[in-house]
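6 protein chains.
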Amino acid sequence: MKTAHFILIFCLLALASPFAYASDPSPLQDFCVAINDPKDAVFVNGKFCKDPKLARAQYFYYSGLNIPRNTSNPVGSTVTPVNVAQIPGLNTLGISLVRIDYAPNVVVEGTLYVGFVTSNTDNRLITKVLYPGDVFVFPIGLIHFQFNVGKTNAVAFAALSSQNPGVITVANAVFGSNPPINPDVLVKAFQLDKNVVKNLQSKFWWANN
Amino acid sequence: MKTAHFILIFCLLALASPFAYASDPSPLQDFCVAINDPKDAVFVNGKFCKDPKLARAQYFYYSGLNIPRNTSNPVGSTVTPVNVAQIPGLNTLGISLVRIDYAPNVVVEGTLYVGFVTSNTDNRLITKVLYPGDVFVFPIGLIHFQFNVGKTNAVAFAALSSQNPGVITVANAVFGSNPPINPDVLVKAFQLDKNVVKNLQSKFWWANN
Amino acid sequence: MKTAHFILIFCLLALASPFAYASDPSPLQDFCVAINDPKDAVFVNGKFCKDPKLARAQYFYYSGLNIPRNTSNPVGSTVTPVNVAQIPGLNTLGISLVRIDYAPNVVVEGTLYVGFVTSNTDNRLITKVLYPGDVFVFPIGLIHFQFNVGKTNAVAFAALSSQNPGVITVANAVFGSNPPINPDVLVKAFQLDKNVVKNLQSKFWWANN
Amino acid sequence: MKTAHFILIFCLLALASPFAYASDPSPLQDFCVAINDPKDAVFVNGKFCKDPKLARAQYFYYSGLNIPRNTSNPVGSTVTPVNVAQIPGLNTLGISLVRIDYAPNVVVEGTLYVGFVTSNTDNRLITKVLYPGDVFVFPIGLIHFQFNVGKTNAVAFAALSSQNPGVITVANAVFGSNPPINPDVLVKAFQLDKNVVKNLQSKFWWANN
Amino acid sequence: MKTAHFILIFCLLALASPFAYASDPSPLQDFCVAINDPKDAVFVNGKFCKDPKLARAQYFYYSGLNIPRNTSNPVGSTVTPVNVAQIPGLNTLGISLVRIDYAPNVVVEGTLYVGFVTSNTDNRLITKVLYPGDVFVFPIGLIHFQFNVGKTNAVAFAALSSQNPGVITVANAVFGSNPPINPDVLVKAFQLDKNVVKNLQSKFWWANN
Amino acid sequence: MKTAHFILIFCLLALASPFAYASDPSPLQDFCVAINDPKDAVFVNGKFCKDPKLARAQYFYYSGLNIPRNTSNPVGSTVTPVNVAQIPGLNTLGISLVRIDYAPNVVVEGTLYVGFVTSNTDNRLITKVLYPGDVFVFPIGLIHFQFNVGKTNAVAFAALSSQNPGVITVANAVFGSNPPINPDVLVKAFQLDKNVVKNLQSKFWWANN
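Chains as they are written, first to last, in full-length UniProt numbering: chain A, 1 to 209; chain B, 1 to 209; chain C, 1 to 209; chain D, 1 to 209; chain E, 1 to 209; chain F, 1 to 209.
Careful, some of the hints might be misleading.
Said to hold, decoys possible - For lysine-lysine, the following PhoX-like pairs were computed, each having C-alpha atoms within a straight-line distance of at most 25 Å: (1) E:Lys194 <-> F:Lys53; (2) F:Lys194 <-> E:Lys198; (3) C:Lys188 <-> C:Lys203; (4) C:Lys203 <-> D:Lys194; (5) B:Lys194 <-> A:Lys188; (6) A:Lys128 <-> B:Lys198; (7) C:Lys188 <-> D:Lys198; (8) D:Lys53 <-> C:Lys194; (9) A:Lys128 <-> F:Lys53; (10) D:Lys53 <-> C:Lys188; (11) D:Lys203 <-> C:Lys194; (12) B:Lys53 <-> A:Lys198.
What the hints assert, rightly or not - From chain E, some residues computed to sit far from chain C (all C-beta separations above 10 Å): (13) Phe48; (14) Lys50; (15) Pro52; (16) Ile67; (17) Asn70; (18) Asn73; (19) Gly133; (20) Lys151; (21) Asn153; (22) Val187; (23) Gln191.
None of these hints come from the bench; they were simulated from the model. Cβ atoms here follow ideal geometry from the backbone N, Cα and C, with glycine treated the same way.
Starting from the given sequences, assemble the full structure and let the hints guide the process.
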């Protein structure tokens, strides 16, 4: 039986094509353990805090990140976030964690093929094939990808510079939004045939419905 | 002759699908007029400054934003940035400006159809048709679009919350990177046929070459 | 009939002598649409947010910025702010917009005479006469002015690097405060005759009463 | 002989009417001792740093703040700043100090009469008479004043939330800029007679010349 | 009778070994006067604000910092904080103040012996003996100390770059925590005999009980 | 043979007692790959950047974090940092990584005993015993510890919210500084016998010499 190789990808933004939006503020107390949003639909930027006197070790704790996740879905990967929703003690601390399991894509020998594209100045592609023990950085806000080019499952852990990174999978956002974007817009932006756009929109419907 | 309608789009991120990455620092002096990067290839986060005693009004000034731009290109729009590269006095001030000219797409009566998609939580699409005098906000970091649905040229002015917004046109970055992203990655991510991916990569080659 | 020239002033601080106070934080969610202050007089730094599931396009939208404003008042200009009070979706985004209409002051041919003064190091004055299509930057926190030196109305649009810029018109704050500042203080600070100070305080009484 | 009373004014902004502009960044090293600007007129936002291995206690040290200053000048007060120019170790630390000596104005019994005016929303004046041992806070960016209403000299120490606060004395900036602001602008803004404006501009000429 | 010398220590972090944690955000309003935490145990990062219309001078004011404090306790010094708990108007302003009274330690002639240690790179010690009128800066986050080496009481005033500095007295936190840290951990970390550790833990019990 | 258990500690601050100091700024470019400090001893807050056109994948990459480290030293643990010194592409990104190997301390069955102490308000101790797959958060700036209570080696990976976290091992800084702190200061602060202090100072001499 083949076992998943362990890789520590040290990225600032996690999934297939995520875009987190920047620096969280510093805390003004020792900590500010998040509470769930109150019933009466009032929210703040970030989260309300518990009474600090009620802080317990469990609010700073999460368990089970070593358990492999199921990757049998259309994109062949599963993201397990560990952010302020899982660890309320992360509130105001500006950092979070993610485990990503990749199904093999059986292309060539090796492990994880990763890369990112610089912004409109030159849209340069920078890539690397990663092996166990490797670390890679995705600069914040740039489109990037990770692709398991090995024959076995792969797993990566990523640290993110936000307590609640706003992850965006480009394909899902563009073709799977709810309701769908007017196909004429996508035909123009992606220079695709209208039928291809409509077909894509029906395929990505699974993502959010 | 039909003239372009004037619209003031008040967006945080400018082009077809741009992603700027967040809050710039506050200045520690009255101002810090940018100088061009020095010959010996040493850079800082942001820009070096001129001697403040040499500050002149022209470093805080730009002219000609009222002149219509040519929109005859594949995507039918032209972006004229006014950022720290055009106004060196913007250095450290965390704000910039953009003029966008849109060719008409002759679909329905009206002017500019704009929208943005929320992040992976639900990928919800929020849209609006804009008329002259309207203002619209694109929350920072979210995928968004602007589409001229009128019969005439349109023009919009946008303010951006960065002195040097890292704009990313999604289609260009994904299909037009240099060198191209391995098509297998895009086949998986976008669920497109490999021939469609290769065709798109050849089309967007113009963007960066 | 003479029509108002259109000028795009790109300033960080808007009115006759405004002082906004610095960098707003980055958002921790996709967006945080502001709600009005709750009845029970509890406030936060910034604003509380609506339930994100209730976000609608109208919260990111403002209409009518193309309509000229009336400028018949003692200072001959009118400021129309478009900030978090008008567009609740601006909350946490750190940017806002303003339209300023100027009555003509019929001095010389031209359009808008603008300038700012550096801080106490040397109190240097930096000025420029602006024409349609021109852009000018006022560095944040410095005293500045705009003066319509043309024969017709003028209009300017300004982008501000705060969602809720704390605008201060120097003359109003100094001579029109409520209650008035002790005249002895102003006599000393401005080296004015006590009768002139008292006269000014009576004139600026209109500003806040 | 009457001795000066000691008052600890704890203000964020120091002189007669200063406006500092906001939050300095956090340091990325243990410290970053400032060096003087290099000969070749290249500057950064803030200051360049010395080699950290060359840090000495003297770079974090200033002496003589207990010595009374001479207050015989037109405005009757003297400000002794202790910022990054005096203590290079303050670079990147976002805080500084100031000593202010006030000549007596012999008005009523008491010590220091201080106040600030809120921004344009209502231009409300908030004041207090301070006695030895009192502490007062001026919210950042608001116009404020301090006035010695006692019969003896007074001294105050102030902490400022910037390593290099951009202090602006309103009267100096408005009437003493170099070159002077066009009197027509000031006539309009302050509703003063043109002769009064010209007289004031000649009086404040001392400030920067 | 011997009187206490007055010293103005200008430090970023206050007590025997305090560690404050960094930059507070800028305010989004003129001010945001703190209110006490509401009954129902909901908190925010920082503090809720009062209705700004109810702002009074007393919220920006503190009295009595000139009164000497009693220093007869085991560590021979007393810290009087003046932060957001004492002056609610400090909320969101990122600065606070402290008075420290030191009992004499009768070692050598002189006044206050201060120092700090750089981080793990080289743990270098930087020290200075301070006299009346001296100012000294402790870089944020570094372990530091102040020790009265004179024969009389001493007093210092310190400005801190946080509205609510999270002060940590190292000895109290390490040996006086509640409940105590497992002695085996401290034996290993400090290379102390287990009996010495247990003895220290009993001595520092006073600090928090 | 017993193998080391794998634990993912998700902490903001890394070693036995580290104190990192706070929020790094957001980048103003796509990235700012660090260069080594220039010969002429001029530094900036953070690091200078390479010409962005020369960016290569290797600047965002680090290899070998999966290799166990030797833990035979007095404190029984080894920290392997992966910060801006190892990955120059981390410059301006505000995040870094660390691998910690712990020798077993053979106390009880289990794995890693961790905890932190709140600041001076109550110096409360919050602890947890961690097992493979567990995640724990140390709030920034608080004194904390990790102790291998198992019979085998343990390894943890930690993400830190700074590109260059200023780590401070309390015992090393207090007793191993160079030159040593005056023993009288430590006798007073830690209530230790002078001989114990001198003995500790000789023991910790290894740390920095």
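- Checked against the structure, which of the hints given earlier come out wrong? 1, 8, 10, 12, 13, 14 and 15
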